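So you can see what is in the structure, the chains are spelled out below.
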Amino acid sequence: ILNVEQSPQSLHVQEGDSTNFTCSFPSSNFYALHWYRWETAKSPEALFVMTLNGDEKKKGRISATLNTKEGYSYLYIKGSQPEDSATYLCALYILTGGGNKLTFGTGTQLKVEL
Amino acid sequence: EAGVTQFPSHSVIEKGQTVTLRCDPISGHDNLYWYRRVMGKEIKFLLHFVKESKQDESGMPNNRFLAERTGGTYSTLKVQPAELEDSGVYFCASSGNSYNSPLHFGNGTRLTVT
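In order, the protein sequence lines correspond to chains A and B. For the first sequence, this note's numbering begins at 1 and goes up steadily by one. For the second sequence, this note's numbering begins at 1001 and goes up steadily by one.
Derived from the structure by calculation, the hints contain no laboratory data. Fair warning: this is a prediction, and the values are worked out from it, not measured in the lab. One or more of the hints may lead you astray.
To be verified - Only some residues are given here: those of chain B computed to face chain A with a beta carbon under 10 Å:
| hint | residue |
| --- | --- |
| 1 | S1027 |
| 2 | H1029 |
| 3 | Y1033 |
| 4 | L1103 |
Stated by the list, open to error - Which bits of chain B does chain A cover? Going by a derived footprint, with three or more residues having C-beta under 8 Å, they are:
| hint | segment |
| --- | --- |
| 5 | 1044 to 1057 |
| 6 | 1090 to 1101 |
| 7 | 1104 to 1112 |
Every residue, glycine too, gets a C-beta built ideally from N, C-alpha and C.
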């Protein structure tokens, strides 16, 4: 069983705060690390796909870093806004004997309050 | 381009009945995944098609679940007979052929078994 862990499980911040959360994963057989944003009553939406150790990606106020050697990725949100409230999922892409597989973490639920 | 579409959006059936969910991936996407989210818990992998072949079906809970993707286009997921614990939201996603291709999710089918 492949464990992709995210922390914290949930987070409440005030509008304007910057925040970050963690995705931890086993570093063997690593191919790619995906981040998705999942708003309530919608479907997950891709934020980033990261493949190289040391990768850093940015999309507006959201950025992510990747450390494949130690098996973690951080997602940062600068100046949180209420519309950032969502569940943020990371997913690990590995190549197994049976083919490739994308395994999701449990998610970090972010609530941004006014 | 048209996104991933799923049908129906909601289904309410009685225990013991049969339900078939359908997913139409983005045209040209060889990879098609089924995932399930049960009662607000994490999103769980069910299976993965590459074209018409089942690449990985390790997440299928039991033999009451049958997935097909005839001709490598749309996919169906049949639950027969349905049990109460099968209730949840079933998501389909498709992606291109590279490991760094993000998943594009459908809006999901909310299945309620009573």
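Cross-check of the supplied hints:
1. S1027: violated (18 Å)
2. H1029: violated (13 Å)
3. Y1033: holds (7 Å)
4. L1103: Given a least distance of 6 Å, the restraint on L1103 of chain B holds.
5. 1044 to 1057: Result for this restraint: holds, n = 6.
6. 1090 to 1101: n = 5 at 8 Å, threshold three: holds.
7. 1104 to 1112: With 5 residues in contact (Cβ-Cβ under 8 Å with chain A), the coverage given for the segment 1104 to 1112 of chain B holds.
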